[in-house]
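Chemist: Listed below are the residues making up each chain.
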Amino acid sequence: MEHDAIISFQNVSKHFGKVKAVDHASFDIQRGEFFSLLGPSGCGKTTLLRMVAGFEMPSSGEIFLDGQPMSVSPPNRRPVNMVFQNYAIFPHLDVRGNIAFGMRKSGLSKGDLNKRIDEVLELIKLPGYGSRGADELSGGQRQRVALARALIKQPKVLLLDEPLGALDKKLREQMQIELRQLQQQLGITFLFVTHDQEEALTLSDRIAVMSEGQVLEIAAPSQLYESPSSRFVADFIGTMNFFEGTVTAITANNMTIATQVLGEVRTTCEESFPLGAEVWVAIRPEKFRPEFTSPARDIDSIEGRMGPSAYLGDRSHFYVHIANRDDPVLVALQNLEGSVHQLSRPDQPVWLRWSEDAVVVLAKD
Amino acid sequence: MNTNRPWWRPDGFYIYAVLYLIFIYLPVLFLPVFSFNNSKYIAFPLKGFTLKWYEAMINNPPMLNALMNSIKIGLIVAILSTIFGLLAAKAVTRYRMPGRAPVVGFIMIPLVIPEIILGISLLILLSLADIPLSLLTVGFAHLLLCVPFSMLVLVSRMEGFDKSMEEAGLDLGENAWMTFWRVTFPIVLPGIIASLLLTFTISFDEFVLAFFLSSIEQTLPVYIWSSLRFPSKLPPTLALGAAIFMASFIVVTFAEWIRRRGVRLDSTSGI
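So the protein sequences, as listed, match chains A and B.
Positions in the first sequence are counted from 1; adding 607 to them yields the numbering used here.
Positions in the second sequence are counted from 1; adding 524 to them yields the numbering used here.
Calculated from the structure, these hints are not laboratory results.
Since we're looking at a predicted model, the values are computed, not measured.
Treat the hints with care, since some could be wrong.
To be verified - One-sided and incomplete, this derived list gives chain A residues near chain B with beta-carbon spacing under 8 Å:
#1 Phe-634
#2 Gln-637
#3 Phe-662
#4 Met-664
#5 Pro-682
#6 Asn-688
#7 Ala-695
#8 His-699
#9 Phe-708
#10 Lys-712
#11 Gly-714
#12 Lys-760
#13 Phe-880
#14 Gly-883
To be verified - Computed far set for chain A versus chain B, every beta-carbon distance over 10 Å:
#15 Val-687
#16 Pro-698
#17 Asp-725
#18 Glu-729
#19 Glu-769
#20 Ser-818
#21 Glu-871
#22 Ala-917
#23 Tyr-926
#24 Arg-952
#25 Asp-954
Yeah, the Cβ is synthetic: ideal placement off N, Cα and C, and Gly gets one too.
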């Protein structure tokens, strides 16, 4: 366990019958961190969160919260609070009643408590909403009340179970910014569960990518995106073009990989593979630069023909057909000047260029 | 659909609704009308206004005694079956337990067994076990009959609200017991009131089981049935019927008022 870990998972597993919802999770979450659990539905991220809250007990292993083993504590004795996926606002209480719910044993006088509630209402930008009923709130407001109800307890860790999933896009983006500000302002550790990779990248200090009960990789957003450590992570975070290849030459900080589709690919990748290893060469769609005239010989490039394209507003997606490959390669371009879209005609020849440091090499398993 | 149609030009649905209400309530309205009618015979034309049947009702101790018996049994049965129904509903909707389906099935069986069969089998059982018939045996039979109704009402109410409400209660520092009182109970309260009213009514007017399982002490339906043989006893019975009708109308209105007021009060007080 690291010194300043607020949560430490040690060999935590959870089985539901034969299903391994969480399989030997061992990692730490630092104090004050915005930490996300990211994965497709059914990957075990919510189960892991619910084990921290105390709603599920680990089948084996132990969760330490601020150094204390949690398996002996029921949910109501844990210094964590949760923002539920559907907010779980009590319908029989108004906003003030909802926020005050957890403060019964706080020992505050009625006046002090009311002052605290007003402060929290201010914090979530809903001053004057205290006497609204639960059914008089919009989705975004319910979300804020759920936040306030948890934050007034001053938890050591705030648990958030896909809290933005039910909001529309605009509101979700606004709430993302506010959540991040709130977290930095309060300095509370946030443990955030989401299946939305963009959301996780935007919000988190670090992200744990999960699949089928296993934690595949824990890293900062930029590292996850730029140099993922496995094909699953590379595929799940953003989109990725994969090409099969074999390592043919290794120097101090360079590697050459022979691929059937791209030819010889040189890379500055730091991962070390043995000579002759079968690998995936992976390149992000936006790392390809399309050109409509043949580039010089010594530049890494591949010739293809324009396929279908899609205009997405801020950027365009092009599918480029390449010899020896069934699936077209996806290329993304920012629409900096008008629509790049108009440049392309179907079946027009195109050359895709890439730079050495855009290439990610992943083990083939 | 045209909702602005004037009332004096009704459409088909309107006529249907009015006929339906007449069919339901006209027979019931005869009760108070004839209870004030100055004649032994239940027939038109009306003879004149009188309160003597109400006087006769008050001066009829066996009838009032039967009424009290029915109210006592009804109240106790309503409270007990609602408690059992609530516990069963909580178990069925909140816990993963083995043999859930057969357990629910066994609780629900009295709903589909004809009361006459239930009455006879209970009578046989009680005489085999040498248990004397009394109001107590009637009460037990009514409990058997009412628990499934309570459970039906409360299961639907429990399923209607999200389990995460209760988790939120725990998460915010309350133990299971306090979470029940501060979260579950207020949310299912309308269901509890509905269950109390429903089971009281079922017990109050239940005849077959009460007829089979009571001894000298009678419940009201059994008393009324036994007095039907004497025409002179019928008008006071009408008076009683009218009085019960008014009383239950007041009780239901009052209960609904309390419920709404309770919901409002809850949402405006701080904690």
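Chemist: Now tell me if each hint is right for this structure.
Modeler: Outcome of the hint check:
A cut of 8 Å between beta carbons decides the hint on A:Phe-634: the least distance to chain B is about 23 Å, and the hint is violated. Hint on A:Gln-637 is violated. Least Cβ distance to chain B is approximately 23 Å, over the 8 Å limit. The criterion of a C-beta within 8 Å of any C-beta in chain B is met by A:Phe-662, whose closest approach is roughly 6 Å, and the hint holds. A hinted interface residue such as A:Met-664 counts as satisfied when its beta carbon comes closer than 8 Å to some beta carbon of chain B; here the least separation is about 14 Å, so the hint is violated.
Against a cut-off of 8 Å between C-beta atoms, the interface hint on A:Pro-682 holds, since the closest Cβ of chain B lies about 4 Å away. This hint holds: A:Asn-688 has a C-beta 6 Å from the nearest C-beta of chain B, less than the 8 Å allowed. Restraint check, A:Ala-695 versus chain B: the minimum CB separation of about 4 Å is within 8 Å; hint holds. Nearest Cβ of chain B to the Cβ of A:His-699: about 4 Å, under the 8 Å cut. The hint holds.
Annotation: A:Phe-708 was flagged as interfacial toward chain B, and the flag holds, the nearest CB pair being 5 Å apart, inside 8 Å. Against a cut-off of 8 Å between C-beta atoms, the interface hint on A:Lys-712 holds, since the closest Cβ of chain B lies about 6 Å away. A least Cβ separation of about 12 Å between A:Gly-714 and chain B goes past the 8 Å threshold, and the interface hint is therefore violated. A hinted interface residue such as A:Lys-760 counts as satisfied when its beta carbon comes closer than 8 Å to some beta carbon of chain B; here the least separation is about 7 Å, so the hint holds.
The beta carbon of A:Phe-880 is not positioned within 8 Å of any beta carbon in chain B (closest approach about 47 Å), and the interface hint is therefore violated. Annotation: A:Gly-883 was flagged as interfacial toward chain B, and the flag is violated, the nearest CB pair being 53 Å apart, outside 8 Å. Not every C-beta of chain B lies more than 10 Å from that of A:Val-687, the closest at about 8 Å, which undercuts listing it as non-interface. Residue-level check failed: A:Pro-698 sits 6 Å from the nearest beta carbon of chain B, not beyond 10 Å.
The Cβ of A:Asp-725 sits about 12 Å from the closest Cβ of chain B, beyond the 10 Å cut-off, so the non-interface label holds. No Cβ of chain B approaches the Cβ of A:Glu-729 within 10 Å, the least distance being about 17 Å, so the stated non-interface status holds. For A:Glu-769, the requirement that its beta carbon stay farther than 10 Å from each beta carbon of chain B is met, with the minimum near 12 Å. At roughly 25 Å from the closest C-beta of chain B, the C-beta of A:Ser-818 stays outside 10 Å, upholding its exclusion from the interface.
Every beta carbon of chain B lies more than 10 Å from that of A:Glu-871, the smallest distance being close to 56 Å; the non-interface claim holds. Listed as a non-interface residue, A:Ala-917 keeps its Cβ farther than 10 Å from every Cβ of chain B; the least gap is roughly 39 Å. The beta carbon of A:Tyr-926 sits about 43 Å from the closest Cβ of chain B, which is more than 10 Å, so the claim that it is off the interface holds. Non-interface status of A:Arg-952 relative to chain B is upheld: no Cβ of that chain comes within 10 Å, the nearest being about 54 Å off.
Annotated as non-interface, A:Asp-954 keeps its C-beta farther than 10 Å from every C-beta of chain B; the closest such distance is 54 Å.
Hints 1, 2, 4, 11, 13, 14, 15, 16 from the earlier list are contradicted by this structure; the remaining hints agree with it.
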